[in-house]
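Chains as they are written, first to last, in the working numbering: chain D, 1 to 79; chain H, 1 to 328.
It should be emphasised that the hints constitute simulated quantities derived from the structure, not laboratory data. Cβ coordinates follow ideal geometry from the N, Cα and C atoms, glycine included. The reader is advised that the hints may include incorrect statements.
[Said to hold, decoys possible] Cβ pair distances, simulated, as ranges: (1) LYS238(H) - THR58(D): 25 to 33 Å; (2) GLU181(H) - ASN45(D): 29 to 37 Å; (3) ASN45(D) - LEU230(H): 24 to 32 Å; (4) THR59(D) - ALA150(H): 47 to 55 Å; (5) LEU230(H) - PRO54(D): 37 to 45 Å; (6) GLY52(H) - THR58(D): 35 to 43 Å; (7) SER218(H) - PRO54(D): 42 to 50 Å; (8) GLY221(H) - THR58(D): 35 to 43 Å; (9) VAL176(H) - THR59(D): 17 to 25 Å; (10) GLY95(H) - THR59(D): 16 to 24 Å; (11) GLY231(H) - THR59(D): 39 to 47 Å; (12) PRO54(D) - SER325(H): 53 to 61 Å; (13) THR58(D) - LYS86(H): 38 to 46 Å.
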Amino acid sequence: MRRNQIRIRDVRKGTNVKGWIFVVLFCVLFCSLFAVDVHAGECENALVRCINDPYWHTTLAGPVYCAAGYLFCKKYVEG
Amino acid sequence: MGVLREAVSCAGLLTFAVTMFVVHFVSADRAKAESLKISLEEVLSIGSLEDGALFQWVGVVSDSQKFIYVTDAMDYALKKFDPEGKLVKRAGGKGQGPGEFSAPRLLDRSDMYLFVSEQYMPMIKVFDRDLRHRFDIPLRAPVGDMKVLADDLVAVAVLTARRTSAVLFCNQKGEVVRGLEFFGSEEGVLMDMVSLDLDVQGNLYLAYNFADRIEKYSRSGEKVWSRNLLGIKKVERKKVSSFIVPTEIVYKDVALDGSGNIYVLGGELSKERSRDVYVLSPDGKHLATFTLPQASHCIYIDAENFLYSRANEGITLKKYRMVLSREK
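Just chain D, with the same shape it has in the complex:
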């Protein structure tokens, strides 16, 4: 009886360890993918903020300046 209980505990321990490994791997994979995605969109996000900025709405050339900022970002920050 006692031997059987020990076996069951060992089996459960094994299951827990596998579960934890799975969870940790999933987190690592998910976090790294998310980080890459955020980095890749850094300049696009800045461009959206620039286009929606009320300051640039006052001038016709506003989008051109936003494009200048986007080009700089692509050259300097990303890539």
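Since chain D is already given, all that's left is putting chain H on it; use the hints.
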């Protein structure tokens, strides 16, 4: 006798043909086997995490006395370093007054002046070698790239919303002396943005930022050649707000050395992103590719063929000696 003579001449012809065949393939093979190799030797490093000499440098240029001038975006400044890399003068400061900066970017020089572009203003600010502000050159649109040709002449690739793009040659008053129109590879916002350089004959070299295309135009505006080095048909585009913009930068910068060879810095589609530099001959032949130690946004080659590039994400400026060798 006649048959013998014929046989001898046939044998002679055959020997000649075989010899020519062998000579041709041996020489072709040798030409193929010999390739240009460029390696870099660091000779100077300016700025580190400790000294605070540079925070986020953008533009660099050197003069005949080996002083090095740098625009520092995060410090809103134009800085002058001696040949040993010691900071000797700083000018600028945040603002929109004379000699102040809101976003200093590109930098180039003539014999007398230093020219600094502003990202959010359609102008170029001009300083003397002691970093005293002299005057501004007003422009119609913000500067994408520029090359100073003389005290009174600067070539500018401007950012516009037009389909056809142009490199404008402007005087100190900002008047367009002449222009060269070129067509981008595709329609769309930013698709015709270029980095530019000119050689001593006035030939213009363009490296498209968002297309796999490098071009040479003669002084009279005729296209001499066009090259694509990476075999990229189309770059990825994304809808951002109401605009569709390219998201992958193909070429970041172009610079010429003293022999007229063309150096093009690859962007994120290169094998080593923002580190691979492609070297082309003046007639557009791909001579070599070498890799910078760290990613850079630009390359600059001075009159003595030293190459300058970025390190530590803009905190450090590196100066390298380029060592050229033939490799079998």
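**Status of the given 35 to 43 Å range, CB of THR58(D) versus CB of GLY221(H)** = holds, 37 Å
**Prompt:** Between LEU230(H) and PRO54(D), does the C-beta distance stay in 37 to 45 Å?
**Reply:** holds, 40 Å
**Item:** Consistency of beta-carbon spacing, LEU230(H) to ASN45(D), with hint 24 to 32 Å
**Value:** Holds - the Cβ-Cβ distance for ASN45(D) and LEU230(H), about 27 Å, lies within 24 to 32 Å.
**Item:** Range agreement (Cβ of LYS86(H) with Cβ of THR58(D), hint 38 to 46 Å)
**Value:** holds, 44 Å
**Message:** Quick check: does the Cβ-Cβ distance between GLU181(H) and ASN45(D) fall within 29 to 37 Å?
**Reply:** holds, 34 Å
**Message:** Please check whether SER218(H) and PRO54(D) have a Cβ separation lying inside 42 to 50 Å.
**Reply:** At 46 Å between Cβs, range holds.
**Prompt:** Is 25 to 33 Å a correct range for the gap between the Cβ atoms of LYS238(H) and THR58(D)?
**Reply:** Since the Cβ atoms of LYS238(H) and THR58(D) sit about 27 Å apart, the hinted range of 25 to 33 Å holds.
**Message:** Verify the CB-CB distance for THR59(D) and ALA150(H) against the hinted window 47 to 55 Å.
**Reply:** This hint is violated: roughly 32 Å between Cβ atoms.
**Prompt:** Is 35 to 43 Å right for how far apart the beta carbons of GLY52(H) and THR58(D) are?
**Reply:** holds, 37 Å
**Prompt:** Quick one: are GLY231(H) and THR59(D) within 39 to 47 Å, going by C-beta?
**Reply:** holds, 40 Å
**Message:** Please check whether GLY95(H) and THR59(D) have a Cβ separation lying inside 16 to 24 Å.
**Reply:** holds, 20 Å
**Message:** Given a hint of 53 to 61 Å, does the C-beta separation of PRO54(D) and SER325(H) actually sit inside it?
**Reply:** holds, 57 Å
Violation of the numbered hints given earlier is confined to hint 4; every other hint is satisfied by the structure.
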